[in-house]
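Asker: Sequence:
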Amino acid sequence: MGPWDRIVENISSKLAFFPPQPATYEVREHQDGTGEKYIQPVAPDVPKVLSCKVRVIPVPPLKRGGGGTQIVTAFFRHSDSNAKAGNAGTGGQPAQQRLTILYSHGNAVDLGHMLPVYRDLARVLRVNVMGYDYSGYGCSTGTPTVNNTLADITAVLRSLQDVYGVPPDRVVLYGQSVGSGPSCYLGSEEPGLAGVVLHSPLLSGVRVLKPHVRWWPAWADVYPNHTLAPKIKAPVLIMHGTEDEVIHISCGKRLLELCPNKATPLWARGFGHQDLEQCSEYEPTLRAFLAKVGKPQPAKQQQQQNLYSEPQQYQQPQRQQLAQR
Numbered sequence: 001m002g003p004w005d006r007i008v009e010n011i012s013s014k015l016a017f018f019p020p021q022p023a024t025y026e027v028r029e030h031q032d033g034t035g036e037k038y039i040q041p042v043a044p045d046v047p048k049v050l051s052c053k054v055r056v057i058p059v060p061p062l063k064r065g066g067g068g069t070q071i072v073t074a075f076f077r078h079s080d081s082n083a084k085a086g087n088a089g090t091g092g093q094p095a096q097q098r099l100t101i102l103y104s105h106g107n108a109v110d111l112g113h114m115l116p117v118y119r120d121l122a123r124v125l126r127v128n129v130m131g132y133d134y135s136g137y138g139c140s141t142g143t144p145t146v147n148n149t150l151a152d153i154t155a156v157l158r159s160l161q162d163v164y165g166v167p168p169d170r171v172v173l174y175g176q177s178v179g180s181g182p183s184c185y186l187g188s189e190e191p192g193l194a195g196v197v198l199h200s201p202l203l204s205g206v207r208v209l210k211p212h213v214r215w216w217p218a219w220a221d222v223y224p225n226h227t228l229a230p231k232i233k234a235p236v237l238i239m240h241g242t243e244d245e246v247i248h249i250s251c252g253k254r255l256l257e258l259c260p261n262k263a264t265p266l267w268a269r270g271f272g273h274q275d276l277e278q279c280s281e282y283e284p285t286l287r288a289f290l291a292k293v294g295k296p297q298p299a300k301q302q303q304q305q306n307l308y309s310e311p312q313q314y315q316q317p318q319r320q321q322l323a324q325r
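Final position of the sequence shown in the UniProt record's numbering is 325; the numbers increase by one with none missing.
FYI, nobody ran anything at the bench for these hints, they're computed from the structure.
Computed list of lysine-lysine pairs in DSS-like fashion (alpha-carbon distance at most 30 angstroms, straight line): (1) Lys292 x Lys53; (2) Lys295 x Lys53; (3) Lys233 x Lys63; (4) Lys231 x Lys253; (5) Lys231 x Lys63; (6) Lys253 x Lys295.
Between the sequences and the hints, there should be enough to build the whole structure, so can you do that?
Answerer: Encoded structure:
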């Protein structure tokens, strides 16, 4: 990494990353001698969630930089009440054949905040969910930088394969806000993914952080999703609120134009950056997308799936919490 790269990383880390200080949780070991870990909340507004597998994994360095840290991961494996003998899901579907959402969260939360969200997504959508904290977030070591987040998500995908037996073609990347950066990166690098969901995504870091700057050298941009989106072969679902006060909806619309394998988007009328998941169409849109990309497809056919139709008028501003099922 050269001096200019370090300058860009330093600027981007100060502008784009706001990890909760102190962390909202601690990683502790159960007292049963197994070495199994769990997440213990230390913030008063963070509930305790035990229904996940907690691991601290090493992050190998990438050629472009980043890595060399250890990050906290939390894996929620969905299991129906009729799951037996290693099966999970109706029809005796093997657990590793379920879709797994690899969720990259926003820039101002950590796993303590997100565990209830992951738990509910796994239950409601009947999928596995893998969450993680970026380097420098929560109890993950290191400093939050762009390159570190790219190394982080790469390590998490590898952990899904090596530890949990989940192949890439059963993984759906889910990037929320800043998390769209690592998700677009990995989506462009890994052609065999089941799908990609971009929730209030950036067009690029500079276009959000410095919207008044008309020109910026490409090498100095961070999270250049606009250059990565055309390289994503998996189906892409974009969801964005029409009243997003942090990342303008034009970013989501432009990314939609750039994706070669797009699904019908959700433009949530009246919703902003922090409440998109309260839109009444959020859950049905996600469910429909996962149902389509979850069907086994030959490699060539998967890349040619047509999941796009012209979106109807913006959704009505009905609000609801994620259903509990």
